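Enquirer: Starting from the given sequences, assemble the full structure and let the hints guide the process.
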Amino acid sequence: MEKSRRYAKSHEWARLEDDGSVTIGISAYAVEALTDLVFMQLPDVGSTVTAGESFGEIESVKAVSDLYAPISGKVISVNAELPSQLETLNNDPYDSGWIISVQPVAVEQLDALFDQEAYDKLIGG
Amino acid sequence: MGLPRHTFPYSDLSQRSVLRVWRDPSAAGGLNMAADEALARRSEETNSVLMRLYGWQPHTVSLGCFQKIEDFFSERFLAHWPVVRRPSGGGAIIHGTDVTYGLAVPSSHKWSKRTEDLYSAVHGALVQELNDRDLKAGMVKAARREQEQNFYCFNRRAFGDLVVEHPLASSDCGNCKILGSAQRRLSGVVLQHGTLLLHRNPQMHGEGSHPGLGDLLQSDAGSVSDVIEGWLQRLADQLGSRLIQEPGCSYTKDNEDIMTRMNRYETGAWLNRR
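Keeping their order, the protein sequence lines are chains A and B.
Residue numbering for the first sequence follows this note's numbering, beginning at 1 and increasing consecutively.
Residue numbering for the second sequence follows this note's numbering, beginning at 1 and increasing consecutively.
Some clues are possibly wrong.
Stated by the list, open to error - Think about it this way: if two alpha-carbon atoms lie no more than 25 Å apart in a straight line, the pair counts; the simulated DSS-like pairs of lysine-lysine are:
id, chain 1, residue 1, chain 2, residue 2
1, B, Lys141, B, Lys110
2, B, Lys113, A, Lys121
3, B, Lys141, B, Lys113
4, B, Lys110, A, Lys121
For the record, the hints were derived by calculation from the structure and aren't laboratory data.
The structure presented is a predicted model; accordingly, all values stated were derived computationally and were not measured.
Expert: Pasting the structure below:
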């Protein structure tokens with residue numbers, strides 16, 4: 001599978017890395033839609049996430065949104081600096097704005113996600 | 001994330017043309033939060049816009065989803081008050097002399113697409129109603145960050161908050177905030193909570209004490225009940241919908257689903273999560 005981002009309909013992205021882990025974040029579209037971000041809650045390293053279920057929360061000035069896991073797996077690292085530097089999500093949502101990294105249970109789950117072209121259509125781009 | 005699903009089809013247009021509203025009895029915090037959550041799931045399942053209005057008994061403090069519990073305990077006027085944490089954000093609210101609404105809008109509905117749209121629809125409908133009753137009401141267009149950080153919701157000023165220019169306003173803000181709302185964006189549905197202060201709460205003192213609609217309304221401008229009726233009708237009109245005020249309660253109190261949700265809100269794990 002090529003090393004490119006895949007997207008959930010709930011606007012999280014997932015990227016398969018060379019070591020077999022999957023990095024997860026939220027799309028630039030989602031960041032823009034949420035506007036002024038004020039708080040983020042992340043899962044603990046070692047916890048498990050399930051595809052389609054909430055693994056964290058993010059708060060903007062007037063709304064709280066769940067973060068949904070695009071793939072099931074064990075959390076092997078979190079971007080611990082992100083909650084105190086939420087502007088990173090605005091500036092670089094696909095690199096330094098990553099949220100968690102998981103060891104996937106079944107990497108094939110990525111195939112069920114949108115590729116870039118399909119996601120662009122989803123958001124009307 | 002609970003953002004709009006652009007490709008989700010309008011599957012039931014007959015459901016979409018109705019705004020169903022329940023006037024639920026006053027209840028404790030855990031039950032009220034559980035009933036709102038159940039309303040949201042029902043909205044998603046039926047693809048329809050649903051709303052419930054309710055009060056709080058006993059008088060209760062609700063905290064925003066991310067507020068720190070230690071900040072609640074450090075407020076000396078709040079000792080011994082029941083407290084619940086909301087699923088939505090924002091500041092602490094003193095409930096008991098207010099009417100709270102829970103409005104659930106499925107993700108396929110246009111009002112769910114942008115946070116601001118739902119605020120504008122709900123708050124704008126009340127602004128119109130109040131202006132017609134000679135109250136100088138409006139919505140906050142922009143706020144300074146420090147105005148969004150106060151412990152109490154009604155001391156904050158954020159985009160969309162409904163404020164009234166009135167002599168009772170504190171000098172800090174220059175107006176009275178009487179309606180504030182916050183959203184929880186779930187997968188498939190947006191739940192918007194809002195609190196309309198009706199009267200100043202006699203059990204509250206200090207900076208958490210605020211005048212309500214009934215304290216600001218001129219005696220010849222009708223009652224708070226009249227205002228609420230007008231507000232709901234205007235809201236339905238903005239939605240292009242028929243307003244249906246449902247009899248009875250929006251939920252069954254001893255329903256297993258409600259009980260499960262209520263238990264979650266009443267646990268220390270949820271209340272003390274921050």
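Enquirer: Return the numbers of the hints above that this structure violates; sort them in rising order.
Expert: Hints that this structure does not satisfy do not exist here, as all of them hold.
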